[in-house]
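**Q** Take these sequences, add in the hints, and give me the full structure.
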Amino acid sequence: ARIVSATNADLRQEAAHGRFREDLLFRLNTVEIHVPPLRDRREDIPLLAARFLAAHARRYRKDVSGFDPAALRSLLAHPWPGNVRELDHAVERAVLMSESEVISPAHLALNPPSAPSSRLDDMNLEEVERLLIQKALDRHGGNVSGAAKALGLSRGALYRRIERFGL
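Following the working numbering, the numbering of the sequence shown begins with 1 at its first residue and continues without gaps.
No lab work stands behind these hints: they were computed from the structure.
Incorrect hints may have been included.
Label pairs and their in silico Cβ distance ranges [claimed, not checked]:
| hint | residue 1 | residue 2 | range |
| --- | --- | --- | --- |
| 1 | ALA109 | ARG51 | 18 to 26 Å |
| 2 | GLU14 | ALA109 | 31 to 39 Å |
| 3 | GLU32 | ASP138 | 23 to 31 Å |
| 4 | ASN8 | HIS140 | 16 to 24 Å |
| 5 | PRO37 | GLU129 | 16 to 24 Å |
| 6 | LEU24 | GLY142 | 51 to 59 Å |
| 7 | ARG59 | GLU86 | 17 to 25 Å |
| 8 | ARG58 | LEU24 | 54 to 62 Å |
| 9 | LEU24 | ASP68 | 41 to 49 Å |
From the three backbone atoms N, C-alpha and C, an ideal C-beta is built for every residue, glycine too.
**A** Rendered as structure tokens:
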């Protein structure tokens, strides 16, 4: 028999503290694969979201084919504390709620982070810059000139950052 399992706990540490059976750890831990959390691999979000969208649209027989740009920005900006499972559920909810072919941010119903300052503490400079650019673009309806002015950047500088961050 083969067992494939996942955990967010450090089982070696749990076994050392007597909270997980050491003999079971040695039996189960033949091959260990570390997958970083979704917040550390944001480049995977569009592909995963598209896969979940296709699966849920097929499952619920809904004619939903993609995400509008603002919805993709929302997906990329969300912190995903629930990881891939949370992304899957958000896309499933959006498919169920959507009455159009394209998912919008309203369909996703993502809750903004409750404490933005603590979230910023966990982000590096590049992530903060990306978040600010996304927020400026959202606030200005995707208008690059308006977002650039609000950020104090030239249009060219903002376009380069948009390209660099894949926005």
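**Q** All hints are to be evaluated individually against the structure, with a verdict given for each.
**A** Do the hints match the structure? See the list:
Checked against the hint of 18 to 26 Å, the C-beta distance between ALA109 and ARG51 comes to roughly 20 Å, which is consistent with it. Taking 31 to 39 Å as the suggested C-beta distance range, the pair GLU14 and ALA109 conforms, at roughly 35 Å. Checked against the hint of 23 to 31 Å, the pair GLU32 and ASP138 fails, with Cβ atoms roughly 39 Å apart. At about 38 Å, the beta-carbon gap between ASN8 and HIS140 misses the expected band of 16 to 24 Å.
Checked against the hint of 16 to 24 Å, the pair PRO37 and GLU129 passes, with Cβ atoms roughly 20 Å apart. Remark: the range hint 51 to 59 Å for LEU24 to GLY142 is upheld by a beta-carbon distance near 52 Å. Checked against the hint of 17 to 25 Å, the pair ARG59 and GLU86 passes, with Cβ atoms roughly 18 Å apart. ARG58 and LEU24 have their C-beta atoms about 38 Å apart, which leaves the hinted 54 to 62 Å range violated.
A hinted range of 41 to 49 Å for the beta carbons of LEU24 and ASP68 is consistent with their spacing of about 47 Å.
The structure does not agree with the numbered hints 3, 4, 8 stated previously, though it agrees with the rest.
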